[in-house]
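Student: Chain by chain, the residues run as shown.
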Amino acid sequence: MDIFCTLDFKEELESLLKNKEYKSYEKLIINFFLSDNPLSATIINGVNPPIPLFKKRIGGKKALRVYYYLFEIKGKIYLTHIHPKIGTKGKSNISSKHQQALMSTLVKSIKSKDIFKIACIEFKILFTK
Amino acid sequence: MNTAVKECIENVFRANENIKIPTNSEEIDSFLDKLSFLRSSILGINNSIENLIKALESLTWLKKVDDSEAFLLKTVVAMSKSSLTTLKINYAMLKHFYGSKFPEVIQENLSFVEDLEETINDVSYSIFEHKDTPEIENLYKELNDLV
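Protein chains in written order, with this note's numbering: chain S, 34 to 162; chain Z, 17 to 163.
Derived by calculation from the structure, the hints in this document are not laboratory data.
There could be a bad hint or two in this list.
As the list claims (entries may be wrong) - Here are the in silico distance ranges between beta carbons for each label pair:
#: 1; chain 1: Z; residue 1: T91; chain 2: S; residue 2: E155; range: 30 to 36 Å
#: 2; chain 1: Z; residue 1: M95; chain 2: S; residue 2: K56; range: 38 to 44 Å
#: 3; chain 1: Z; residue 1: T91; chain 2: S; residue 2: K56; range: 41 to 47 Å
#: 4; chain 1: Z; residue 1: K36; chain 2: S; residue 2: T161; range: 45 to 51 Å
#: 5; chain 1: Z; residue 1: E23; chain 2: S; residue 2: I119; range: 31 to 37 Å
#: 6; chain 1: Z; residue 1: E66; chain 2: S; residue 2: K150; range: 40 to 46 Å
#: 7; chain 1: S; residue 1: D147; chain 2: Z; residue 2: E33; range: 46 to 52 Å
#: 8; chain 1: S; residue 1: N64; chain 2: Z; residue 2: N137; range: 24 to 30 Å
#: 9; chain 1: S; residue 1: K157; chain 2: Z; residue 2: K70; range: 28 to 34 Å
#: 10; chain 1: Z; residue 1: F113; chain 2: S; residue 2: K56; range: 32 to 38 Å
#: 11; chain 1: Z; residue 1: E23; chain 2: S; residue 2: D147; range: 37 to 43 Å
We put the CB at the ideal spot given by N, CA and C, even for glycine.
Bound-form chain S, shown alone:
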């Protein structure tokens, strides 16, 4: 499975990883998306949606919530949003309007080629255009 992300996701993640509370989460994210089964999460956009939007909690009590679209046949995952549950940016889920905004951003990002491929080098996430 190839993993991609939007610029919004990249900036959100980089901002979170600057925080020492979340620094160790980089490894957890790498493990989940690049080693484990990234499909073991909750689909939050209805029963059998045309493109499933997954939500995954990663980490322990300060878990981050990662939202991503799966294109199963094409073998691609697009990470679109990440947030903590607690703190100033904390929330436990996103609204349906926010879901629509994420899709809209993803469409615009793909059209403008503002998409990053995610890889891992020595347990660090590497973004390449």
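With chain S fixed as given, assemble chain Z onto it according to the hints.
Tutor: Using the frame of chain S, we list chain Z on its own:
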């Protein structure tokens, strides 16, 4: 009934049944002399919650749900809400009686209980409430063409 739906529903049912919380006062009294037993009991409850979360998550992977299956899904989600209420009461009791002895283990129990609540809300929303707007339907088409 579709086999996949049946299996998912049974998994949630079993995961709910496997949440065992000691409610007998004699058992709770005996915990005072068996603190390590209490600690492992809490870890056991946390494992049961984790299994229930996984079983609930798998409900959202179903490809097709007819009306009678939707009724059963509502039943197991309601059963999970009931388990959640019990688990919240149990957490409050644990915190009250043993919060100072095992702050970390009990805090971890709270995290599992909160994760279960969030999963129940997400699953309920996704299966029973989510509606695609015409704008979202158009975005699906655009995305499918682009990727």
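Student: Each hint needs a verdict: does it hold in this structure or not?
Tutor: For each hint, the structure was consulted:
no. : hint                            : in the structure
1   : T91(Z) with E155(S): 30 to 36 Å : violated (49 Å)
2   : M95(Z) with K56(S): 38 to 44 Å  : holds (39 Å)
3   : T91(Z) with K56(S): 41 to 47 Å  : holds (43 Å)
4   : K36(Z) with T161(S): 45 to 51 Å : holds (49 Å)
5   : E23(Z) with I119(S): 31 to 37 Å : holds (35 Å)
6   : E66(Z) with K150(S): 40 to 46 Å : violated (32 Å)
7   : D147(S) with E33(Z): 46 to 52 Å : holds (49 Å)
8   : N64(S) with N137(Z): 24 to 30 Å : holds (26 Å)
9   : K157(S) with K70(Z): 28 to 34 Å : holds (29 Å)
10  : F113(Z) with K56(S): 32 to 38 Å : holds (35 Å)
11  : E23(Z) with D147(S): 37 to 43 Å : holds (41 Å)
Of the numbered hints given earlier, the model fails hints 1 and 6; all others are met.
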